[in-house]
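**Q** Please put together the full structure from these sequences, using the hints given.
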Amino acid sequence: MSKVIQRELPRLLPRLRRFAYGLTGAIDSADDLVQGACERALKQNKHWDKEDHIDRWMYRTIRNMHVDQLRHQQVVQRFKENVLDDQPFSEDSETVYEKTILLNEVRAAIETLSEEQKAIMLLICLEGYSYREVSETLGLPIGTVTSRLARGRNQVLKQLDAKQGVTADVKRITNDC
Amino acid sequence: MTVKSFIRWDEQILNAFLDGELDSKTTSIIDEAMKQDLNVRSFVQKRRNINKLTSEAFSEIDKEPLSDGLQHLIDSQCSKKPTFNFDFSNIEKSMFSMAASFLLLIFGFGAGFFTSGLSIEGNPADVKATVRTNTLKEMVSVHNQALETAPSGQPVSWSGNNASAEFIPVRTLKTKDNQYCREFKEILIIDGNKETRHGISCREGKENWHTKVLFHPSGQKIL
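These protein sequence lines are chains A and B, in that order. So the first sequence is residues 128 to 304, counted in the numbering used here. So the second sequence is residues 664 to 886, counted in the numbering used here.
Fair warning: there could be bad hints in the mix.
Capping the alpha-carbon separation at 35 Å, the derived lysine-lysine pairs in DSBU-like fashion look like this [as the list claims (entries may be wrong)]:
no.: 1; chain 1: B; residue 1: Lys698; chain 2: B; residue 2: Lys726
no.: 2; chain 1: A; residue 1: Lys170; chain 2: A; residue 2: Lys130
no.: 3; chain 1: A; residue 1: Lys130; chain 2: B; residue 2: Lys857
no.: 4; chain 1: B; residue 1: Lys800; chain 2: A; residue 2: Lys285
no.: 5; chain 1: B; residue 1: Lys688; chain 2: B; residue 2: Lys698
no.: 6; chain 1: B; residue 1: Lys698; chain 2: A; residue 2: Lys285
no.: 7; chain 1: B; residue 1: Lys726; chain 2: B; residue 2: Lys848
no.: 8; chain 1: B; residue 1: Lys709; chain 2: A; residue 2: Lys285
no.: 9; chain 1: B; residue 1: Lys875; chain 2: B; residue 2: Lys726
no.: 10; chain 1: B; residue 1: Lys698; chain 2: B; residue 2: Lys869
no.: 11; chain 1: B; residue 1: Lys857; chain 2: B; residue 2: Lys800
no.: 12; chain 1: B; residue 1: Lys726; chain 2: B; residue 2: Lys800
no.: 13; chain 1: B; residue 1: Lys726; chain 2: A; residue 2: Lys285
no.: 14; chain 1: B; residue 1: Lys688; chain 2: A; residue 2: Lys285
no.: 15; chain 1: B; residue 1: Lys875; chain 2: A; residue 2: Lys170
no.: 16; chain 1: B; residue 1: Lys800; chain 2: B; residue 2: Lys709
no.: 17; chain 1: B; residue 1: Lys715; chain 2: B; residue 2: Lys869
no.: 18; chain 1: B; residue 1: Lys857; chain 2: A; residue 2: Lys170
no.: 19; chain 1: B; residue 1: Lys800; chain 2: B; residue 2: Lys848
no.: 20; chain 1: B; residue 1: Lys709; chain 2: B; residue 2: Lys698
no.: 21; chain 1: A; residue 1: Lys285; chain 2: B; residue 2: Lys715
no.: 22; chain 1: B; residue 1: Lys848; chain 2: B; residue 2: Lys869
no.: 23; chain 1: B; residue 1: Lys726; chain 2: B; residue 2: Lys857
no.: 24; chain 1: A; residue 1: Lys130; chain 2: B; residue 2: Lys726
no.: 25; chain 1: A; residue 1: Lys285; chain 2: B; residue 2: Lys857
no.: 26; chain 1: B; residue 1: Lys857; chain 2: B; residue 2: Lys869
no.: 27; chain 1: A; residue 1: Lys170; chain 2: B; residue 2: Lys869
no.: 28; chain 1: B; residue 1: Lys715; chain 2: B; residue 2: Lys688
no.: 29; chain 1: A; residue 1: Lys170; chain 2: B; residue 2: Lys709
Hints in this document: simulated from the structure, not taken from any laboratory. As the structure is a prediction and not an experimental result, all values here were calculated from the model.
**A** Pasting the structure below:
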């Protein structure tokens with residue numbers, strides 16, 4: 128077993144978890160996915176000669192495993208999806224939950240993207256990868272990455288704009304930038 | 664070219680600008696367009712904000728401890744252990760024997776229904792003694808307070824005689840019937856037995872939350 132992978136996995140964990148959380152929309156499922164991918168990486172006989180390739184391999188594996196597992200989603204996930212399709216909070220609880228709602232809406236909007244768009248959005252917007260790196264990681268032409276990213280961002284914005292309360296928050300934060 | 668058609672036809676270029684993918688010449692042209700044109704500026708700013716919000720929304724998992732399985736895998740296979748914000752070092756030792764799974768079950772139901780079927784790792788021989796009503800009430804009250812006031816991701820801790828707990832609201836939802844619900848995670852330690860569970864509670868009044876669904880980490884449905 129390669130010592131490189133043993134050393135690199137703990138360092139990569141926070142990034143892998145965020146990515147997996149973005150794909151699955153549930154913290155439990157994210158950890159399951161990361162665990163599965165780590166197990167697969169540790170079992171690999173492959174000689175990991177370049178540390179900077181491990182992250183891409185891991186992202187690719189997580190994404191592939193997620194797509195494989197989509198049909199086996201847990202009950203809690205289905206429950207979540209049912210209730211996520213909703214309106215923002217209002218009145219008395221608005222102040223308390225304002226930020227929570229906004230982030231919920233963002234997660235809900237990302238969840239509506241196709242699996243490919245989701246992976247592209249997360250690697251670029253969340254992890255700051257370049258288009259070329261994402262193209263290599265996901266095995267897609269760079270033009271596909273570029274166009275799906277643009278469409279993905281549009282779709283997320285459209286969904287957020289559709290929610291009045293969230294629009295106000297987005298405007299407020301945008302003004303702060 | 665009008666501004667509208669610029670945005671319509673060159674969305675990909677503006678996205679690439681935002682992501683730092685363009686050469687310096689094109690970057691400076693768009694920099695200039697940003698200064699002069701509100702629509703271009705707004706287009707880029709809105710998407711920049713999406714990046715920020717996406718990052719914030721999914722960084723929530725950073726505050727969560729690793730699942731037991733993942734933690735075990737990393738501990739046993741890897742050379743360096745990542746650190747998290749959870750600290751259970753202040754857990755009090757047991758003062759009296761209490762039915763760990765008994766209390767967990769009651770707590771899960773919130774209103775005090777008892778059934779069988781819940782187990783927790785530890786010593787099942789402890790499942791005999793009486794539950795202290797005050798302890799239970801306190802625990803439920805802190806659970807409700809956490810759901811009522813704590814932002815998602817922020818843990819609320821409680822510690823009693825032989826039990827301690829950490830409640831973490833995970834996200835806030837609203838049902839189609841306009842009822843506010845929150846997904847939560849709870850880590851309960853009773854007589855040294857630790858149990859992590861996930862659930863969804865819905866608000867029925869001020870600091871009055873009813874647990875609708877409760878799961879073991881294994882995915883087994885408790886409630």
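**Q** Each hint: holds or not?
**A** Here's how the hints hold up against the structure:
1. Between Lys698/B and Lys726/B the alpha-carbon distance is near 39 Å, which puts this suggested pair outside the 35 Å criterion.
2. As the CA atoms of Lys170/A and Lys130/A are separated by approximately 12 Å, the hinted pair is consistent with the 35 Å bound.
3. Between Lys130/A and Lys857/B the CA atoms are separated by roughly 33 Å; this keeps the pair inside 35 Å, and the hint holds.
4. A hinted pair counts as satisfied when its Cα atoms are at most 35 Å apart, and Lys800/B with Lys285/A does not qualify at roughly 45 Å.
5. Annotation: proposed proximity of Lys688/B to Lys698/B holds, straight-line Cα distance about 16 Å (limit 35 Å).
6. Taking the CA atoms of Lys698/B and Lys285/A, the gap is near 24 Å; set against the 35 Å cutoff, the hint holds.
7. A threshold of 35 Å between alpha carbons decides the hint, and for Lys726/B with Lys848/B the separation of about 12 Å falls inside it, so the pair holds.
8. The hinted pair formed by Lys709/B and Lys285/A meets the criterion: a straight-line CA distance of about 11 Å does not exceed 35 Å.
9. About 24 Å separates the Cα atoms of Lys875/B and Lys726/B, which keeps this hinted pair within 35 Å; it holds.
10. Only pairs whose Cα atoms come within 35 Å are accepted, and Lys698/B paired with Lys869/B is rejected, the gap being roughly 49 Å.
11. With a C-alpha separation of about 19 Å, the suggested pairing of Lys857/B with Lys800/B holds against the 35 Å cut-off.
12. Of the supplied pair hints, the one linking Lys726/B and Lys800/B holds, its CA atoms being roughly 27 Å apart against a limit of 35 Å.
13. For the hint pairing Lys726/B with Lys285/A, the CA-to-CA distance comes to about 29 Å; that is within 35 Å, so the pair holds.
14. In summary, the hint linking Lys688/B to Lys285/A is supported, as the alpha carbons are separated by about 31 Å, within the 35 Å threshold.
15. With a C-alpha separation of about 40 Å, the suggested pair Lys875/B and Lys170/A falls outside the 35 Å cut-off, and the hint is violated.
16. A C-alpha spacing of about 47 Å is found between Lys800/B and Lys709/B, which places the hinted pair above 35 Å, so the restraint is violated.
17. The straight-line distance between the Cα atoms of Lys715/B and Lys869/B is roughly 33 Å, inside the 35 Å bound, and the hint therefore holds.
18. Distance restraint check for Lys857/B and Lys170/A: the Cα-Cα separation of roughly 30 Å lies within the 35 Å cut-off, and the hinted pair is therefore satisfied.
19. For the given pair, Lys800/B sits about 19 Å from Lys848/B by alpha-carbon distance, which is consistent with the 35 Å threshold.
20. Under the criterion of a C-alpha separation no larger than 35 Å, the hint pairing Lys709/B with Lys698/B is consistent with the structure, at around 15 Å.
21. With a C-alpha separation of about 16 Å, the suggested pairing of Lys285/A with Lys715/B holds against the 35 Å cut-off.
22. Simply put, Lys848/B and Lys869/B have alpha-carbon atoms about 20 Å apart, close enough for the 35 Å limit, and the pair holds.
23. At most 35 Å may separate the alpha-carbon atoms for a hinted pair to count; Lys726/B and Lys857/B meet this at roughly 19 Å.
24. At most 35 Å may separate the alpha-carbon atoms for a hinted pair to count; Lys130/A and Lys726/B meet this at roughly 28 Å.
25. Restraint check: the Cα-Cα separation between Lys285/A and Lys857/B comes to about 44 Å, which exceeds 35 Å; the hinted pair is violated.
26. Under the criterion of a C-alpha separation no larger than 35 Å, the hint pairing Lys857/B with Lys869/B is consistent with the structure, at around 29 Å.
27. Using a Cα cut-off of 35 Å, the hinted pair Lys170/A and Lys869/B is violated, with the two alpha carbons roughly 51 Å apart.
28. For the given pair, Lys715/B sits about 26 Å from Lys688/B by alpha-carbon distance, which is consistent with the 35 Å threshold.
29. Pair hint Lys170/A plus Lys709/B does not hold up; C-alpha atoms about 43 Å apart against a cutoff of 35 Å.
Checked against the numbered hints above, the structure breaks hints 1, 4, 10, 15, 16, 25, 27, 29 and satisfies the rest.
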